[in-house]
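So the sequence lines, in the order shown, correspond to chains F and C. Letter by letter, the first sequence follows residues 1 to 190 of the working numbering. Letter by letter, the second sequence follows residues 1 to 185 of the working numbering.
Bear in mind the hints are in silico, worked out from the structure with no lab data behind them. The beta-carbon is built from N, C-alpha and C at its ideal position, and this holds for glycine as well. Errors might be hidden in some of the hints.
[To be verified] List of simulated lysine to aspartate or glutamate pairs, DMTMM-like, C-alpha gap at most 25 Å:
1. Lys87(F) to Glu7(C)
2. Lys10(C) to Glu115(F)
3. Lys81(C) to Glu129(F)
4. Lys75(C) to Asp94(F)
5. Lys87(F) to Glu6(C)
6. Lys132(F) to Glu130(C)
7. Lys132(F) to Glu155(C)
8. Lys118(C) to Glu109(F)
9. Lys84(F) to Glu126(C)
10. Lys88(F) to Glu7(C)
11. Lys10(C) to Glu126(F)
12. Lys81(C) to Asp95(F)
13. Lys82(F) to Glu8(C)
14. Lys99(C) to Glu125(F)
15. Lys10(C) to Glu125(F)
16. Lys120(F) to Glu126(C)
17. Lys99(C) to Glu111(F)
18. Lys132(F) to Glu160(C)
19. Lys78(C) to Glu109(F)
20. Lys133(F) to Asp127(C)
21. Lys132(F) to Glu126(C)
22. Lys117(F) to Glu178(C)
23. Lys151(C) to Glu126(F)
24. Lys84(F) to Asp127(C)
25. Lys117(F) to Glu179(C)
[Said to hold, decoys possible] Non-contacting residues of chain F with respect to chain C, defined by C-beta distances greater than 10 Å in every case (computed):
26. Thr49
27. Lys58
28. Lys82
29. Thr91
30. Lys110
31. Lys117
[Stated by the list, open to error] Here are the in silico distance ranges between beta carbons for each label pair:
32. Asp180(C) to Lys86(F): 40 to 50 Å
33. Lys144(F) to Glu155(C): 24 to 34 Å
34. Asp94(F) to Leu67(C): 19 to 29 Å
35. Gln113(F) to Asp180(C): 34 to 44 Å
36. Leu124(F) to Leu182(C): 38 to 48 Å
37. Leu182(C) to Ser116(F): 29 to 39 Å
38. Leu67(F) to Gly44(C): 40 to 50 Å
39. Lys120(F) to Phe175(C): 34 to 44 Å
40. Glu36(C) to Leu67(F): 33 to 43 Å
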Amino acid sequence: MAPKPSAKGKPSSGGDSKKSGKPLSSSSKVNKKNVKRPPPKEVKAKARTEPSQLKKTKKREYTEAELGIPELNAITPVGVVKPKGKKKGKTFVDDRDGVATIIAMVNAEKEGQIESKMMKARQLEELRELRKKETEARQAEKKKKLDATKDSIRNKKKPGSENTARSGGSDSKSKGDSKSKGKRKSVSFA
Amino acid sequence: MRQLTEEESKSVFSKLAVYCGRSLNNLVTASDGEGEQYVFRLHGSRVYYLRLSIANWATSVPRANLLSLGVCIGKLTKTGKFRVHITALDVIAPHARYKVWIKENGLLPFLYGGNVVKAHVGRWSEDIPEHSGVVVFDSSDTPVGFGVVAKSTTELRRVEPTAIAVFRQADTGEFLREEDSLFTT
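All chains should be built: construct the whole structure from the sequences, respecting the hints.
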């Protein structure tokens, strides 16, 4: 029985058998399998260089607040950081109502200031009045005291003059006074 | 030329409120016979007070070519504060909160840039708190400037006649003295 030419003619099968060193029967089986199944080919749906493949998948970015990192000395001062998502540019106030509200606000503020100033002035005025009254009262008291002492001195003198002991002296004094008055030099111009 | 922003208008009105009373509101709501509205506009750093129709017409003039419009009431400094000019006197005077009338003999010293001394004061509004803004009038009731009182009316009664009653901030003499710089931008 001669072997089948098909089986013999296949160089690959022979080579395989030699390399593997397996019996022929087994190699023929492998051959059969090989014939049946085509060698697997890599099928690429999309090329690697295609733009959709090249695009990186967006990774989630964490904000500083989410990470919970302790705050460091930031380079940008707090005041400079502008709120995100806010519209740039100026917001104008042109409608009457807007202006009127601003004026009302300003007026209220100003009136409050004036009111407080007036209150302060009034309080100061009151204080000043009180102080004035106090000084007046003190002065009146002083005067009263002085008058009282004067009176007491006068009263003391009066009984003394009536009495004997000091009467002479007082008389002499009074005499002297009268004398001195009498002796007073008079100057006349011719 | 553009409208004022909120901060700008706040600083403008708070400065005007120093001299004007509650009737400051009339500046905006005021309308002439034709029901025309008055508005504030900023051009360069200067603030102008003008009729809305004039403001609308002025939009047709290129910004570089527009020199002035309406009545200039003052300028905004770079720090955002507002300086009232003497040109605002006609706007302020009808709405003045406190007034001071000066005598004939005190008019010239005031118009030459001096402060108002007590001896030159003819009469003043009652109950003026100290350091509040006043509009200065001459004896014929014509506004001649504005300033700030040095002392409250009650305190002023006590001081000597040579003491300063009103610190001058602007007077109509500036129209001549500051002629070169008053209207330059």
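Exercise for review: Determine which of the earlier numbered hints do not hold for this structure and return their numbers in increasing order.
Suggested key: 3, 8, 9, 11, 15, 22, 24, 25, 29, 30, 31 and 40
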